[in-house]
Every structure is written in structure tokens, then in C-alpha cells.
Amino acid sequence: MSKTTTEMALDLEAKRLSVVEPGTRVDLQGEMSDEERVEKAMTNFAKDFGRVTATYMEACIHCGACAHACPFYEASGNPRHTPIWKLEPFKQAYKREAGPLAFFYKAFNLKKNVTLDELKEWQELLYDTCTMCGRCTLICPMSIDIATLVGMARHGMFHAGLVPHELYTVTEKAQREGSPLGATPQVFEDRVEWMGDEHEVDMHMNEDEAEVLVLMSSIEIQKYPESMAATAKILNQMGKSWTYRTDGYEATNFGLLSGNTAWQKEMSMKVIATAEKIGAKLVILPECGHAYQALRWQGANMYGKPLPFKVQHISEFLADAVDSGSLKLKTVNSTVAFHDPCQISRRGGATSAPRKVLEALGVKLIESKSGGSMNTCCGGGGGVITIHRADTLRYKVMGAKFRQLGETGAEMMVTSCSNCRQNFDDSGEKLNWDKQMNSLLELVADNLVEEAKK
Amino acid sequence: MTLLDFARGPAMQIAIFIFVLGIFWRLVGVWALRQKKDLSEPRQKGAWIGGIKGLYAHAWPYKPFVPYVGAQYIVGYVIHLGLFIVLFFGTPHMLFFADIVGFTWWTLPGGVITFVALVTTVALFIALTKRLVNPVQRLISNFDDYATWFVTTLPFVTGLATTANLWPHYETGLAIHLLSVWLLLIYFPFGKLMHSFWFVVSRYTTGSRFARRGGMA
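Chains as they are written, first to last, in my numbering: chain Y, -18 to 435; chain U, 156 to 372.
Hint data in this document are derived by calculation from the structure and do not stem from the laboratory. Treat each hint with caution, since some may be false.
Claimed, not checked - For the chain U half of the interface with chain Y, some residues (derived, Cβ under 10 angstroms), not all of them:
{"hint": "1", "residue": "175"}
{"hint": "2", "residue": "181"}
{"hint": "3", "residue": "183"}
{"hint": "4", "residue": "219"}
{"hint": "5", "residue": "292"}
{"hint": "6", "residue": "315"}
{"hint": "7", "residue": "318"}
{"hint": "8", "residue": "319"}
{"hint": "9", "residue": "320"}
{"hint": "10", "residue": "354"}
Said to hold, decoys possible - Label pairs and their computed distance ranges (CB to CB):
{"hint": "11", "chain 1": "Y", "residue 1": "99", "chain 2": "U", "residue 2": "355", "range": "16 to 24 angstroms"}
{"hint": "12", "chain 1": "U", "residue 1": "187", "chain 2": "Y", "residue 2": "381", "range": "41 to 49 angstroms"}
{"hint": "13", "chain 1": "Y", "residue 1": "158", "chain 2": "U", "residue 2": "305", "range": "54 to 62 angstroms"}
{"hint": "14", "chain 1": "U", "residue 1": "305", "chain 2": "Y", "residue 2": "410", "range": "31 to 39 angstroms"}
{"hint": "15", "chain 1": "U", "residue 1": "267", "chain 2": "Y", "residue 2": "27", "range": "48 to 56 angstroms"}
{"hint": "16", "chain 1": "U", "residue 1": "288", "chain 2": "Y", "residue 2": "305", "range": "25 to 33 angstroms"}
{"hint": "17", "chain 1": "Y", "residue 1": "258", "chain 2": "U", "residue 2": "199", "range": "26 to 34 angstroms"}
{"hint": "18", "chain 1": "Y", "residue 1": "412", "chain 2": "U", "residue 2": "287", "range": "17 to 25 angstroms"}
{"hint": "19", "chain 1": "Y", "residue 1": "410", "chain 2": "U", "residue 2": "215", "range": "17 to 25 angstroms"}
Unchecked claim - To list a few chain U residues with every Cβ distance to chain Y over 12 angstroms, as calculated:
{"hint": "20", "residue": "165"}
{"hint": "21", "residue": "168"}
{"hint": "22", "residue": "243"}
{"hint": "23", "residue": "264"}
This one's a predicted model, so the numbers in the text were calculated from it and none came from an experiment. Even glycine gets a Cβ: it sits at the ideal position worked out from N, Cα and C.
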């Protein structure tokens, strides 16, 4: 799909020799005619046209305010990255096919049919330049939840075979193997055992019954395995009845990110079924933002009824533990800036939890400008970090994030999302960041007061 | 039948009919759509309080956004308040409504109304200029944005021309002013002027959805 380099003009003004505007690469999956792709996109767009979606579609006044809350627009200055513009084909489909005036638009052809070329053009806008962080909702005078609409628009894109290859590949792998990054049940079990030995922590694996089922994200299993030991150490210290399970451990849900609702459901159901099987009263989610969205806020809707157990992000669990006194922590003498993961704080409602934990650690928290629930996204969520062609803009977004955190002057950087953390690690290396992003969970595990056993 | 008779008679009736029926159709068309219940366990009860909060929380941008959109909000308020003041507190307008509702109310002096109408018209032109000049707004604008601007501005321009007696023939001028208002009413249900209703529904929806999560909207 890419143009050959000989067709591209050189950008001699840039610091690094480059082409003026690299050709857009469009990825396609499956063998389908152009008409079939459009048809599939339309059918799956239409499935989401409920009352709430319709309200949002009707309410937009095209003021463009949302652009100023979007880290991608702020980084690129490209009007195409205006959040509401990312929904244009979805809006067009709604107005032509489902809105109250659809018959009118259709009869007079006032809203044209969405074309395959448009859908291809919007692949970059719906996947590469939106993490569904939802900051645009805060600035919108109509309070339109654009992030949710982007998630819905991805449904149509997935079924039309219009997902960026990398995101599609990891999603398909997750569907087939149970984990997007190769953390198969066997790999998970091996790594849990390894971490148990390495940190001399009792690991509870495949217990038949347990009050707490602990999930991990594949990013943690593969890249930050200390999280597994840290969680175990804390739960053991608290004397909890808990377990890791090889039949339900993967917290990430790439069905949600890529736009395949059926796969999203399957991925959620694996965990739900496991929790039911062992009689869990609580499922603890790891430091992963979208996993929290997938199970805490969408899990019951996938299940079709309220979940028979409580779901908590690890930061909520830790906050409750320090609140109740069941977890005592040593004082950490440091100033800290906290990066709020969008899906846990702004969109998840757990903004106060990490702050309680940090308070218990005795650190001096320095809030960044526009912090907490208004936090600026790191630019890596929503599957963006998997897409290589999105790297350049993602680094630009992170540049702004580094400046924002740098302005706090804090000595230590902390977050509670491993996806954000890997974005900080990757971008930090690229942009020579002089700091490192730390895990809240690991900070707690490293500073447990041992006598507080219960 | 003179043009003024037409404007005061059948044109008005047709316009009001389309206005009322159109609004009803558009609102019911959306509210009749299915909506699955959210089955997730709410973090807190009383989501409706968040919905109410959402109504006023978005009446002015949150602090970090004020430098970006504060001026845009001010222009918007000038337009909306100007429209409200001229429509309900201009004596001829009040008398028109009084005929329908059967009672009168206090109005502002004609000079004040003219001044407010002038300021509102200027604000409307500022909004249009921004739409044409700002790359983001230019990209996302469609026919409806410009049509809405046109049908909103026209009554102000024709009204000011009538007040200032700029028409060669006063009665024809008055008829044109009335017809421009009927045009606004006829267009109202078809375009984004419906945000007069949707802003309440949308802000409430998001406010209540995120209140049950404890999140921020």
C-alpha cells in the first residue's frame, strides 16, 4: 500500500534527512471485495447506534474545542487529529443509516455513503492517533464521550479487516494462545515459578478454591515479571487466600482494543469462568489501564448479568489495605510525581486510590499541571504502542508528557499501569529521559513493614 | 394578500408546524432507540446527581482549557444571551408572544435591544470568521454549520434594518424580518440548532455515566 520512496519529496529543512510526508501505510486483513468491506463496516457501525451513541452524534456543534485536549493534536498540530474528526465516517454512517432524519438524508443523498477510501484513510485516525483517553470529553461543551465512540467505530473497522497489522496480529495471537505477547499458560506458570524462586516468595498457583483471583497482564508477565512477585508478597503478608490460575490469568483484552466484541467477550469470559469456578469473591486486576475498563466496567455487560465477585485494580486493593491498617508501609523519603493512567483515573474513577497509597508511603506527592483526572495521556494506550507507524507521533506526545512531569521537579516518577510504564521506558530511551517510571505496586512491595502480618 | 399578511398568516403557521413536529420527530427518533442497561457494579449511587452536575460543569471550561477555548466560550455566550435578550425582552417580540400566551412582561428599552442585537451580530461574524480561518474548525465544518450561521444571523440583520428603518418600504421590511425568523424555525429541527435540546441530554448522559464510575466527565 505504501508509495515507493522515489515518489516522495525529500525534506531538506528537517534536522534529520527525511521525506516530506511519508506515505500512509494502510493495512487490510482478509480477502474481501471493496463493497464487502464497506458493507461489513456499516453493519457493525450500525450495531452500536443506540440511544446514548445517537445523543452524542446529534449533540456535536463542530466547535473544534476537543482538538485542544487531545495529546495527538497538540503534538502534531494536524487538524485531522481533532478527536471528533476521527469519527467522521461513523457519524456519516449514523446520519445516513440510523438517525431520525436518515430517510431524508438518504432520499436526497445529502449524506454520502462511506467509501472504502475513507475507511482506509480513517484507519490511522481511529487506531494510531487515539488512545481513547477521554480527555476530549472534559473540554467538550456538549460533554460528548468521544473515546467510547472511537471504541465503537473500531468494531466496524475490525470486521471490515481494517486494523493496523501489529494490533491485529497481537489480538489474533491473544485469541489463539490466550495472551497477546506469547505468555501462554505454560510460559505464565514457568515465570511465576521463576519469580517465586528469585524473590523467595510463596506463589499460589492453580489453587482449587481461593477468595482472591489475581490476574496479570502479558506486559508484566513478559517485561515486568517482578510485578508477579510483588503482588504475591503483599497478598501473603496480608494472609489472603489467593491464587494465580493458568486457565484465567490474562488481564489484557485486545478484543476490546482492536474492535472485536466477540473476542472481547471470550477473553473476559475466560477470567469470569475461572473466578466462578474457584469461588473467588474478589478479582484483582494488575497495573493495566484498559484491563480495568474491560473487566471492571465492561465485564458484566459481556457476561450479561452482574458479576458474582468484586473487581478491583491493584491500586484500589492497596488503598483499601492501607486504609484498614492491614498493610503497613515504611516511609519513603522522596518527592514523587504520579502519572495517572487515563482508564483507571479519569475514565475508571480510581483517582484517589494511588494517592492514598502514596500518602501511606509518606512520600511528598507533587501534582503535575493538569494532573489527576485531568491528566494528559502518555500516548501509548488503546493499542497505539503496538503500531510501529505511530511511533514518531507517540514520541512527540511523550515529549510533552516528560516536560509536564519534569516541571514538578519530583525525584521519583510513579504510575500504576504497565502499558504506560513500557511507553515511558521505550520513549525515555528514545528521547534520553533522565528519569525512570516506577510501578506503584513494586514500590509498595519493596516497602512492606513485615510485622504487620494478619 | 400582502407579503406581510402572508408572513403573519400561513407562513407563520407552516413554520411553527414544521418547528414543533420536526423537534418532536428528532427527539423521539433518538429516544426511541434501544439502549442496553449497564450491568457493571456502580462505584457510588445517585448517578443522576452527576448528571445534574454535568449540566453546569461544562458551562465553562475546566481551568487548564481556559487559555485555549475561553474566548470561544465568551463569544458563544454573547450570541446565546444576545439571542435570548432580544427575543424575549424586545418590546415588539414580547407583544408578539403576549398575543399567544395572553400576558405581558417587562421589556428593555429599544436602544438597549438595538445595542444587544448589534453586539450579537458582531459576535456571530466573529464566530463565522473563526470557523473560516481556524484550520480545525474549517476542516470539521459542513453545510449545516454555515446554514445554521446564516439562518441565525439573518433575523438579527433584518431586525436591525427594520428598527433603523432602512427598508424602502417598512411593511415589506417587517415581512422580510418575520420570514427570516420563520426560516430559522423551519431549519431548526434539521440542523445543529437542535443543540438547544441535545446539550442537556448529552451533558446529563455523560455526567451520570461517569458519576456511577466515580470518574470525571
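Consistency of the hints with the structure:
1. 175: 15 angstroms, violated
2. 181: 5 angstroms, holds
3. 183: 7 angstroms, holds
4. 219: Because about 4 angstroms separates residue 219 of chain U from the closest Cβ in chain Y, which is inside the 10 angstroms limit, the hint holds.
5. 292: 4 angstroms, holds
6. 315: 25 angstroms, violated
7. 318: Violated. Min distance 29 angstroms.
8. 319: 31 angstroms, violated
9. 320: 35 angstroms, violated
10. 354: Holds - the Cβ of residue 354 of chain U comes within 10 angstroms of chain Y, reaching about 5 angstroms at its closest.
11. Y:99 with U:355: 16 to 24 angstroms: Hint violated: Cβ distance 32 angstroms, outside 16 to 24 angstroms.
12. U:187 with Y:381: 41 to 49 angstroms: With Cβ atoms ~43 angstroms apart, the hint holds.
13. Y:158 with U:305: 54 to 62 angstroms: 58 angstroms, holds
14. U:305 with Y:410: 31 to 39 angstroms: Violated: the Cβ-Cβ distance is about 54 angstroms, outside 31 to 39 angstroms.
15. U:267 with Y:27: 48 to 56 angstroms: Since residue 267 of chain U and residue 27 of chain Y have Cβ atoms about 51 angstroms apart, the given range 48 to 56 angstroms holds.
16. U:288 with Y:305: 25 to 33 angstroms: The hinted range 25 to 33 angstroms is violated for residue 288 of chain U and residue 305 of chain Y, with Cβ atoms some 58 angstroms apart.
17. Y:258 with U:199: 26 to 34 angstroms: 30 angstroms, holds
18. Y:412 with U:287: 17 to 25 angstroms: 37 angstroms, violated
19. Y:410 with U:215: 17 to 25 angstroms: 41 angstroms, violated
20. 165: 23 angstroms, holds
21. 168: 22 angstroms, holds
22. 243: 22 angstroms, holds
23. 264: Given that every Cβ of chain Y is farther than 12 angstroms from that of residue 264 of chain U, nearest at about 32 angstroms, it holds.
Violated hints, in rising order: 1, 6, 7, 8, 9, 11, 14, 16, 18, 19; the structure is consistent with all others.
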